[in-house]
Structures are given as C-alpha cells and as structure tokens.
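> Sequence:
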Amino acid sequence: MNRTENIAYNSKLGIFSWFGWRLHISQRAKLIKDAGFDTTCLWWAAEERANTGSLDDLPKIVRDNGLEIDNVHVPFAEAHLLSSENQLERRGMVDMHKQWIEDCARHKIPKLVFHTCPAYDNPPPPADVLLDSVAEIVEFAQQARVILAAENTRRRDYIDFVFERIDCEYLRFCYDSGHDFIWSDEQIAVLKRWGHKLIMTHLHDNKGENDDHLIPLTGKIDWQKVVAAWPKDYKGPLMLEVVGNPETESPDVFLKRAFENLIKLKNLKI
Numbered sequence: 001m002n003r004t005e006n007i008a009y010n011s012k013l014g015i016f017s018w019f020g021w022r023l024h025i026s027q028r029a030k031l032i033k034d035a036g037f038d039t040t041c042l043w044w045a046a047e048e049r050a051n052t053g054s055l056d057d058l059p060k061i062v063r064d065n066g067l068e069i070d071n072v073h074v075p076f077a078e079a080h081l082l083s084s085e086n087q088l089e090r091r092g093m094v095d096m097h098k099q100w101i102e103d104c105a106r107h108k109i110p111k112l113v114f115h116t117c118p119a120y121d122n123p124p125p126p127a128d129v130l131l132d133s134v135a136e137i138v139e140f141a142q143q144a145r146v147i148l149a150a151e152n153t154r155r156r157d158y159i160d161f162v163f164e165r166i167d168c169e170y171l172r173f174c175y176d177s178g179h180d181f182i183w184s185d186e187q188i189a190v191l192k193r194w195g196h197k198l199i200m201t202h203l204h205d206n207k208g209e210n211d212d213h214l215i216p217l218t219g220k221i222d223w224q225k226v227v228a229a230w231p232k233d234y235k236g237p238l239m240l241e242v243v244g245n246p247e248t249e250s251p252d253v254f255l256k257r258a259f260e261n262l263i264k265l266k267n268l269k270i
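Going by my numbering, the first residue of the sequence shown is number 1, and it counts up by one from there.
Careful: at least some of the hints might be erroneous.
Calculated cross-link-like contacts (lysine to aspartate or glutamate; reagent style EDC-like; alpha-carbon spacing at most 16 Å) [said to hold, decoys possible]:
hint, residue 1, residue 2
1, Lys12, Asp38
2, Lys264, Asp222
3, Lys220, Glu209
Bear in mind the hints are in silico, worked out from the structure with no lab data behind them.
Please construct the entire structure, taking both the sequences and the accompanying hints into account.
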C-alpha cells in the first residue's frame with residue numbers, strides 16, 4: 001500500500017443490522033439508512049426470527065428501506081459440530097449450512113459469513129474432519145453461486161488450516177478486527193497472510209480484554225497497524241459489527257457516532 005493511501009477508499013460503508021436494539025427490522029433498516037450507511041448484513045438466526053418474524057421477510061424489508069444486503073451472518077454457537085466425530089451431529093450442521101446457502105441464493109444475497117472455530121473458550125486444535133465439512137459446504141456453495149466467508153475467531157490457526165488445504169474462489173476471508181486483537185497469538189498476522197482472500201469485514205474495537213464490539217477508534221486497537229496491513233486491492237464493503245447500549249443512548253445517536261468513526265477510519269492514513 002502506498003504510504004499516503006487510506007484503506008478501501010472506494011468501499012461502501014455498512015453496519016451489522018443486529019446492533020444492540022431489539023427493534024423491528026424495518027425500524028433498524030431505516031435508522032441505518034438515515035445514518036448514512038449504504039449496506040448491511042443480516043443476522044440469520046432465531047433471535048432475529050423471534051424479534052421480527054419470518055427470516056424470509058427480512059431481505060425485502062431491508063431493501064425497501066434503500067439498503068443493499070452484502071451478506072448474512074449465520075449462527076456460530078454450534079460451530080464445533082463441523083468438527084464433530086459424531087457423524088449425525090456433523091451431518092446435521094453441514095446440512096444446516098447448506099440450508100442457509102439455499103436461503104442466500106433464494107434471496108439473491110451474495111455472501112454468507114460463518115465460523116469454523118468452536119465458540120467456547122480454549123477450543124482444541126483444528127482436526128481433519130473439519131476439512132470434510134468445509135469442503136462439502138464449499139462445493140454446495142459453488143453450485144449455488146454463494147460466496148462463503150470464514151471469520152477469524154478464537155484461534156487463527158483454524159483459518160490457516162482451512163485456507164492452506166482448500167483453495168476455492170467461493171471460500172474467502174472475513175476479517176474480524178476485535179477477535180484478532182484479543183485472541184490472536186500474533187496480531188494482524190491473519191490479515192497479512194490471507195488479505196488476498198478478504199471479501200468482508202467485521203470492524204469493531206475493544207478495551208483489550210473482552211470481545212466488546214465497540215465503535216472503532218474508541219478502544220485500544222492499533223488501527224494504524226490495521227491500515228498498514230490492509231490489502232490494497234480490497235473492493236468489498238467496510239462493515240462494522242458493533243453493539244451499542246440501549247440504556248445509555250438512543251439508536252440514532254449510536255449509529256451517527258458509528259458512521260462518523262467509520263469515515264474517520266476510512267480516511268486514516270499511514
């Protein structure tokens with residue numbers, strides 16, 4: 001990257017639609033659009049269904065409010081089942097991912113973000129059975145023309161393990177800044193190594209101890225270090241994955257702060 005160049009100068013700006021307020025998706029979509037964002041990603045999970053109704057209604061509601069939908073984020077609490085030695089458990093989770101891919105294809109949503117690493121503390125090293133699961137899911141995604149984005153979480157070696165062994169244009173990388181700076185044994189290493197596969201971001205900050213999902217530039221992440229490692233050919237959106245506190249501010253004020261800081265981050269130079 002040229003040393004006077006900022007990150008993703010031509011990228012669209014987005015925010016995760018599940019940002020801390022349990023409002024109907026129509027209200028959240030309008031708030032996101034009014035704050036200045038171009039695009040969003042949808043939480044494709046039971047919490048959203050309970051809050052809004054059928055997941056199949058979400059895409060039209062969001063698009064009717066003038067937002068693009070870049071991707072869906074699928075549930076990750078049972079991501080460990082992709083590595084299960086119990087074939088029934090593993091088959092159930094593989095099939096669930098296939099259903100989510102079919103949902104994306106049906107609603108013309110081009111990408112799906114998923115986790116390969118277990119969500120619980122101290123997960124074990126990645127196992128070969130994970131490759132069987134991911135390879136099957138990737139093959140299905142390729143047929144459906146939906147791009148999968150594997151997100152870095154508690155162990156970055158899961159990303160290394162999968163990308164070293166499966167090379168496919170339909171398996172790409174979602175960089176999560178908060179996860180990188182609290183859980184990685186070497187910060188920025190995953191972005192430097194796999195930046196050429198980057199297609200999606202989860203940008204958020206933290207205080208250095210917990211996965212706080214703060215607005216960028218309000219925590220302790222070294223954003224200059226992130227910018228310095230940013231792939232110069234990245235053309236995807238700059239997507240926030242931040243969560244506000246409904247007890248301390250209104251959603252419109254929170255989204256305004258989030259958008260303003262994303263602009264600052266976008267304009268940050270090295």
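> Now tell me if each hint is right for this structure.
Do the hints match the structure? See the list:
Under the criterion of a C-alpha separation no larger than 16 Å, the hint pairing Lys12 with Asp38 is consistent with the structure, at around 6 Å. Proposed proximity of Lys264 and Asp222 is supported: the alpha carbons are some 14 Å apart, at most 16 Å. With a C-alpha separation of about 10 Å, the suggested pair Lys220 and Glu209 falls inside the 16 Å cut-off, and the hint holds.
The structure fails none of the hints (numbered hints given earlier).
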